[in-house]
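So the sequences go chain by chain: A, B and C.
Its first residue numbered 6, the first sequence is counted upward by one per residue in the numbering used here.
Its first residue numbered 6, the second sequence is counted upward by one per residue in the numbering used here.
Its first residue numbered 6, the third sequence is counted upward by one per residue in the numbering used here.
Errors might be hidden in some of the hints.
It does not matter which identical chain is meant; a pair holds if it fits inside one copy or across any two.
Here are the computed lysine-lysine pairs in the DSSO-like style, where the Cα-Cα straight-line distance is at most 27 Å [stated by the list, open to error]:
#, residue 1, residue 2
1, Lys323, Lys282
2, Lys485, Lys262
3, Lys290, Lys485
4, Lys188, Lys282
Hints are computed from structural coordinates only; laboratory data are not their basis.
Bear in mind that the values here come from a model prediction, so they are computed numbers and not experimental data.
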Amino acid sequence: MEIKNKLCLVVLVFSVLLAVSSGVDYKEKDPELRQCQHQCQHLRGADEQQKQICEQRCDDYIKQKKQEEKQRRGEGGGTSFYGYDEDQEQYQGQQRQQQQYDQNPYFFEDQDFETIVETDQGRVQILQKFTEKSDLLRGIQNFRIGSLITNPHSFVAPHHLDADCVCFVFQGRPTISMVRGEKRESHNLERGDILRVPAGTPVYIINRDENEKLFIVKLLRPVSLPDQFEAFFGGGGENPESIFRAFSPEVLQAAFKAGRDELQRLFGQQRQGSIMKASREQIQKMSHSSGGAEKIWPFHGDEPFSTSTKSGPFNLFKKRPSQSNQHGHLFEADFNDYKQLEELDIQISFANITRGSMVAPHFNSKSTKISFVLDGEGFFEMACPHLASQESSQRQQQPQRRSSSPSYQNVRGDLRRGTVFIVPAGHPVTAIASRNSNLQILCFEVNAKDNVKIPLTGKSNVVSQFEREAKELAFGVPVKEVDRIFNKQQDQFFFEGPNNQQQGRMWSVV
Amino acid sequence: MEIKNKLCLVVLVFSVLLAVSSGVDYKEKDPELRQCQHQCQHLRGADEQQKQICEQRCDDYIKQKKQEEKQRRGEGGGTSFYGYDEDQEQYQGQQRQQQQYDQNPYFFEDQDFETIVETDQGRVQILQKFTEKSDLLRGIQNFRIGSLITNPHSFVAPHHLDADCVCFVFQGRPTISMVRGEKRESHNLERGDILRVPAGTPVYIINRDENEKLFIVKLLRPVSLPDQFEAFFGGGGENPESIFRAFSPEVLQAAFKAGRDELQRLFGQQRQGSIMKASREQIQKMSHSSGGAEKIWPFHGDEPFSTSTKSGPFNLFKKRPSQSNQHGHLFEADFNDYKQLEELDIQISFANITRGSMVAPHFNSKSTKISFVLDGEGFFEMACPHLASQESSQRQQQPQRRSSSPSYQNVRGDLRRGTVFIVPAGHPVTAIASRNSNLQILCFEVNAKDNVKIPLTGKSNVVSQFEREAKELAFGVPVKEVDRIFNKQQDQFFFEGPNNQQQGRMWSVV
Amino acid sequence: MEIKNKLCLVVLVFSVLLAVSSGVDYKEKDPELRQCQHQCQHLRGADEQQKQICEQRCDDYIKQKKQEEKQRRGEGGGTSFYGYDEDQEQYQGQQRQQQQYDQNPYFFEDQDFETIVETDQGRVQILQKFTEKSDLLRGIQNFRIGSLITNPHSFVAPHHLDADCVCFVFQGRPTISMVRGEKRESHNLERGDILRVPAGTPVYIINRDENEKLFIVKLLRPVSLPDQFEAFFGGGGENPESIFRAFSPEVLQAAFKAGRDELQRLFGQQRQGSIMKASREQIQKMSHSSGGAEKIWPFHGDEPFSTSTKSGPFNLFKKRPSQSNQHGHLFEADFNDYKQLEELDIQISFANITRGSMVAPHFNSKSTKISFVLDGEGFFEMACPHLASQESSQRQQQPQRRSSSPSYQNVRGDLRRGTVFIVPAGHPVTAIASRNSNLQILCFEVNAKDNVKIPLTGKSNVVSQFEREAKELAFGVPVKEVDRIFNKQQDQFFFEGPNNQQQGRMWSVV
């Protein structure tokens, strides 16, 4: 009798789960969870524990489904290309390619960003946690990436983050004001400027440009949680809520020695949100403010601008490119250029790939690259052993493939403004610009100390450094043949792109 | 037939689970698990795998219940206060307040400590792992906090920990003896002394005070597991067991070149446990021991006391307070004061808040503060965006709240001797002493390098550093009004507390 | 009707699971998973979500079973020894001993290694992730250990790892060539040489010895994932696949400025795998190569060999042993000896324990020791509080044991070539060589900065440093007795081993 009764409960628990799952509408997620858990609460004869088990099951189920949904969303336009040598199955061709689009954990698009602040004057978008996408990204889980876009003549209200932040200005002319100790530092920035805002620094930002939108890319390293940070707004208002309003009224009154009514007035008036319109006059005053403890870098002649000791910005484009030819330019800033990067152990680079050109296949010896596409179109290809081994463990039907031998999957993604791709240390990668426009990519290279970029082809490719016997053994062909082919490409780092790109993506037509 | 048979098993597995869960007694936990798993072992017709699945289910279930029980235990005396402006719902009032007591992950009380050593002469208590309380504390998961309390004239037996340890003496007069290399260092400590005991250092402690108990607060950073450490007792005895007794007798005999009987005598006699009574004579000898390689700091004239290079202690109260007025005093020790703190990247501070006074609402730019209340009563309030966002995700019924805008929850806890609260980097916080007694708080500030304390109100508050246009935009009121209110409170860091505290917790009466 | 239908599905899901689990063959694992998931895909009436739930259950189940299987495999030859004092239950004897063999998380044997590369000329083996064995090893989860064994006159094809690697040469005479920047460095190594290969460095290796196999032990620290690394082969061939072959043909053609056919020829010829036979002539040329940017250390007179600034090797055996007597020798290399170890924060030591002798019971104050047995036979014993507490929590039947007092389990393992054991910081340990042969152990000490080895017995044992009163209190016997026993063993670090070892493992006979 007791057992029979319990059995009914089990059945009911599952029934709830399945009943909900079968009537699923993919557009509404949380309502579904609510409905499932609601049904748990009304399970006849179930006690509290059983209801909780039921609710947990709802939760697990919804999580699983969301995951699945995400993967489905990522499927998008899977393209394929004809295999390198179909008969010999040297490239696994379509099948493999398809798979990589389904589950490319190194590539992020619009839907992977979360909008954490949005007003009619601008918005802040943050990419999802890397480890939410894939466990293969846990090596960079302490970093987040995002962007700030605001209108001309706008103002981002004072706030601080519990994260170190490195900003790169791609568009617009921001003035960033930080309160450090008992003084304020204001920096008039321009395109190409890099500025670090240390964790916890109160900061506000204007876009002093009258016509152009502000577009800043941000790399963030949270300081109190490994992969999560929050913005704390220190002005007035309810939306965003002022941090002052979290304290109880008695405490606030004592802290300010002020009356309840005046505090209510002070914190209750600001209703425009955290990114708002500023008047031309206000912008002008904040662009040229001076006097007192304030400092405007880099215009004060008496305090010379020095990137190594000051908290001021560094302009990436004023440095000579480290690689440059008609196919592209690479600008790099390391610890020596901008001391502030050392504590975060990052390097910043900017690649401008001429349309129709490509970056040499290469790898980074130590750093993992977080790449944010700023402009243009194209695609990247990367050789990844992790995915290949996952895949091969799923292909048990092919026992001839020895498990004791690494193989690499071609990981690929179509690049356009706002897409992000990750290149882990050691992974060979290339990026190709479309025929239509230059491809401009900003890279944050994490774990930068002692990193070396190692080119696989072109002038100074790594194979040229092997001894002749090593070349012969490694390739199984006469050394002359190895040298002949590796010496053909005489450009360095940037090359002319694949020829057939002239006809568009010819290789996607099977 | 086969299928039907299996179905029965499934039903049985669940029946066991539910049968146990329905007859639950919350007082006995482990017996319940035992019972559940016992029933699994006797499932008719189930094979080993099925039994194991069944047992795993038992385990999951019990874990879930314990978690639930813990939350229930934490409910305690939830108080509420009248909202700041009930009509406009500016403070969410009671409902929110209630919730925060239910699930305040930043606040720890007596029941959150585990007693790891206890004799009639004293005890060692360690706070549970921070991540057991909440995932929001994983940023400090590599640290543990605890206390040592012993009687007058007591002796803590020789041991070492697989953790770095920083001790703060709040009461009693300990002599701490450490063996380092081939010599021993003995330090006569007093109230306010900070001493680091490096991981693995053999150490023993006496309380040389004849009347006062010893009370030491300890911050620990495990070296071999991130959040777990153990004590290794190197004397004799069974309780605690001597580390020598874990070796097999043959090995011990060879290691000592000694006979079985004499080893048995040596390790078998000590029966008083690890904290024991010492005679006045023993205490005196150990307080004034000298000669040979021994050193008693800071009394040896020939080896001058230097905090930066020696392993000796630093007295926090002999330094000038960094903040001081009639409302309180703040003592701080950083790397410059005590070099030993640098490797742990911590700073130690001690706040003595005058009764009826409060600390300015402020935040730390980088460090997370682990605060241990040493004496007095009061409460703390903190603005927390993490809880607020959790909460709002649960309140799907209020779609008018835009998800793209941060809000902050008031996190609060009643403070008394032995309570612990955590203040993550960036989170605005204040603490208020009751009218009855000074509130004395010891803080370990983790991640201390380049940290800055940033006051939100009072003299040198952060808002005063904003430009006038930024003030107007941030608050939406004329700059004169902003300045007038922010200039009212002219004290720095310690203020007169909320007035209505004179009548007790008036604001808790709805 | 709907509910009934769903119920059927639940039943089916479980039926699949149980049907598979009951017909299990322990030899084939993945096929079983495949079968289980296949059945899920053909569940009648189930929609996609239900099938996925079903598959997930298969997955969980198989994982659980593998775990279980692994534990079973580890049971092996549990030995026991007679208790120290059975009547008084001072050593818990057989029962405890048995348990420790069942679940010793600190000991690894052949089956715990994975062969990641294997050809007829050699193989690379890597120990499983430490955390796969036990959560107690998560403190060293960022390290991996493995070995390379190749034939005389063999060649390991050019590759790079996404891991820092420290090599120790125990046998054979390798020449290791690394490409760094635009030059190559070749190092002719011998027995005892330590060489660090930084992450991402292209490297190839020959064994220039004509008769002896090459045996290198490697410590690896992955740079892009905490506990996982991959080899990237940069030559030709399919097995291992060349990294070049992961790129699409169009991209490769552009990168090389070469035709499809010639690329296919270049990358398609090498068919011998990544470890291959080299001719005597090839070996000779690569052992004595010179000219151009190449450098052979340590033979170039014009560039003096300096271990602190160069990337060259350090020979452990050319340093004076730090401990040495007729019972054994200890060689140690720290940051001062080999600068390259500093970044990894490791120290390397080599203990050669004379047959019939033993290492003093001792512990490391800070570092965790990863020990690889290179030759000989013997066993180790370690005192472990973690296992003891796990055990005691399982022995709820013995309530007389106070939970508030640490106890230690004897952890033990039989050592022979290729076994690995881990000694966490603070844990007392000893190792004993058999009567038949010297026991040679290589240790990587992780977290080495400021580490101290602390001996528990023998000359300069830690107890001798205690004050006389502390000795009396700690042991509960007159100080004379303590001193008498601790002074008997006058050897330092290496002692004569247990006497009864002459009769073989006498203590294993109950």
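Hints, verified against the model:
no. : hint             : verdict
1   : Lys323 to Lys282 : neither (31 Å within a copy, 52 Å between copies)
2   : Lys485 to Lys262 : between (85 Å within a copy, 17 Å between copies)
3   : Lys290 to Lys485 : between (69 Å within a copy, 17 Å between copies)
4   : Lys188 to Lys282 : within (26 Å within a copy, 57 Å between copies)
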